[in-house]
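Asker: Take the sequences, apply the hints, and build the full model.
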Amino acid sequence: MDILLIASAFNSLSQRVYAELSDLGHRVDVVLAGRGPDAIRSAVRERSPELIVAPMLRTALPEDVWRAHTCLIVHPGPLGDRGPSALDWAIAEQAPTWGVTVLQAEAAMDAGAVWASEPFPVAPVGKSDLYRGEATDAALTAVHLAVRRYADGSYKPLPQSDPAIHGRIVWRDVLRQERRRIDWAADDTDTVLRKLRGADSQPGVLDELGGREVFLHGGHPEDELRGEPGALLATRAGAVCRATRDGAVWIPELRPRRNSGDPAPFRRPAADVLADPALPECPAPLEPDPDRRTWSDIRYRQHGDVGFVSFSFPGGAMSTGHCRRLLAAYEYALARPTRVLVLGGRRDFFSNGIHLNVIEAAPDPAVESWANLNAMDDLVEAVLRTTDRLVVAALGGNAAAGGAMLALAADQVWCRSGAVLNPHYRRMGLYGSEFWTYSLPRRAGAETARRLTEEAQPVSAATAARLGLVDRLVPVPARDFTAEVERLAAELAGTPDLDRRIAAKAAARRADEERYPLADHRADELARMHALFFDPGAAYHALRSAFVRKVPGGAR
47 MDILLIASAF NSLSQRVYAE LSDLGHRVDV VLAGRGPDAI RSAVRERSPE LIVAPMLRTA
107 LPEDVWRAHT CLIVHPGPLG DRGPSALDWA IAEQAPTWGV TVLQAEAAMD AGAVWASEPF
167 PVAPVGKSDL YRGEATDAAL TAVHLAVRRY ADGSYKPLPQ SDPAIHGRIV WRDVLRQERR
227 RIDWAADDTD TVLRKLRGAD SQPGVLDELG GREVFLHGGH PEDELRGEPG ALLATRAGAV
287 CRATRDGAVW IPELRPRRNS GDPAPFRRPA ADVLADPALP ECPAPLEPDP DRRTWSDIRY
347 RQHGDVGFVS FSFPGGAMST GHCRRLLAAY EYALARPTRV LVLGGRRDFF SNGIHLNVIE
407 AAPDPAVESW ANLNAMDDLV EAVLRTTDRL VVAALGGNAA AGGAMLALAA DQVWCRSGAV
467 LNPHYRRMGL YGSEFWTYSL PRRAGAETAR RLTEEAQPVS AATAARLGLV DRLVPVPARD
527 FTAEVERLAA ELAGTPDLDR RIAAKAAARR ADEERYPLAD HRADELARMH ALFFDPGAAY
587 HALRSAFVRK VPGGAR
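According to the numbering used here, numbering within the sequence shown proceeds without interruption in unit steps and concludes at 602.
Simulated from the structure, these hints should not be mistaken for laboratory data.
Even for Gly, the Cβ is constructed at its ideal location relative to N, Cα and C.
Any given hint could turn out to be false.
Said to hold, decoys possible - Computed beta-carbon distance windows for the label pairs:
1) Ala428 to Asp198: 34 to 40 angstroms
2) Glu560 to Glu259: 58 to 64 angstroms
3) Arg291 to Arg214: 35 to 41 angstroms
4) Gly273 to Arg214: 41 to 47 angstroms
5) Ala573 to Leu204: 58 to 64 angstroms
6) Ala557 to Pro598: 48 to 54 angstroms
7) Arg291 to Gly213: 50 to 56 angstroms
8) Thr105 to Glu333: 45 to 51 angstroms
9) Arg525 to Arg304: 34 to 40 angstroms
Answerer: Right under this line is the structure:
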């Protein structure tokens, strides 16, 4: 079928719907709702879709569109749920299970006939992780079912007046800041964490720090540091630790209010926003006590012949500092006696490459872009030059741009079946680096590499496997990914021909180096990137700023 996606943002869910419907042979186009009703009407006229699907929508569709066309709305709530803050309420009310419902658009919000619904368990994670994991898995199950039912032509969607739904209808209004606000003197740590996690991506929790209002993004428990409730105790890898009445929490990111006068009113590492030199840095060891309840964005652990360098950065963005610390952890892992080294392995994002928010906030974004890219290249080069063991990149979630190329630098790429890859840079106006001119053609061939980078579209995990970008699909729920990777890695380490495979890998790297050295790939890529970074008129600077500052109607 010809399907038009209408979305307020081409986010993780929209991308996965696009990629998986395309995999099924549907012809899928996308229009961003932020461009306005007339842009939606124009797209509908030009494409004449057989079906319209709205995977993520913050505004109502034009009435003339939904009256003339079947429009399916993906609502992140169970049967009968209505309102704009569905997942927020699921976390706030500690619901053990939730759901996704595919509804037909009509005048009243979330009141249309039901085409499909799918339940999911509410994992004890932040809203954004839950959204990209369990909620998106359920959404794709429901969307696939709804599309099949529509294509069949005989299915009649269930009106919400039906007794099976009518008695379950609940309107939940916007979850406002008054409900999210933390009372540091009264709220216990679990309550604080629930409020932080329910707003970790958007909208954040409004609070006051250092005499100014900021939004808090993300939260993790701390079991040792203590202080006066609400007091700031320490920093760690860009996060800040704040005392609760019975413990403390780590807050990775802050966002100044737009009207605060701060020139960078967007999410950034919390310590960067506060810039308080009086706070002590409290680093975490790479191998913390497994019984500790504390936060660290990079960890190392070892099980027999397998080492695991796990990491998780907010939004998958990797600043210069993130890259350098991850490289140090990788080098630490190389000094350990293992035969298999797993990079990644946590649920949610693997990596989305350089940290555009940190770059946008820098005194000289061109200089910071250059530093960040070189730090990312150093990390990727270290992976490519590892020849004494097999390296596995384990993608529990999405990867894009330089983060996708970090994964492709490994010997094997294992990918959760629900992940989406964006192995390109074009939509940010960049040529790209991270040795993509070596890794991408090596895996997919020159013609496919050219198409992927020029068309700049997301690909599903299944398509990535078909193209040679992924070696193993891991078809498990997000919550089971880490354990399954550990099992598979142990199995790999025990294979009898592992020494032969390591030797063959080293020989192949030597042969590739003789044909065209990695240093030449890096020099060629960086020469192009330097020209873009240091050209004030390059599209990259405007595209980056629009993306970071969330300018409405920006390019997809």
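Asker: Confirm or reject each hint.
Answerer: Going down the list of hints, with the structure as the test:
1. The hint said 34 to 40 angstroms for the Cβ distance between alanine 428 and aspartate 198, and at roughly 52 angstroms that hint is violated.
2. For glutamate 560 and glutamate 259, the hinted distance range of 58 to 64 angstroms is satisfied, since their beta carbons lie about 59 angstroms from each other.
3. Arginine 291 and arginine 214 have their C-beta atoms about 37 angstroms apart, which keeps the hinted 35 to 41 angstroms range intact.
4. For the hinted restraint 41 to 47 angstroms between glycine 273 and arginine 214, the CB-CB distance of approximately 45 angstroms keeps it satisfied.
5. Distance hint check for alanine 573 and leucine 204: the Cβ-Cβ separation is about 59 angstroms, which falls inside the suggested range of 58 to 64 angstroms.
6. Checking the proposed 48 to 54 angstroms range against alanine 557 and proline 598 shows it holds: the Cβ atoms sit about 51 angstroms from each other.
7. A C-beta distance of roughly 40 angstroms is found between arginine 291 and glycine 213, which places it outside the suggested range of 50 to 56 angstroms.
8. For the hinted restraint 45 to 51 angstroms between threonine 105 and glutamate 333, the CB-CB distance of approximately 48 angstroms keeps it satisfied.
9. For the pair arginine 525 and arginine 304, the supplied restraint of 34 to 40 angstroms holds, since their beta-carbon distance comes to about 36 angstroms.
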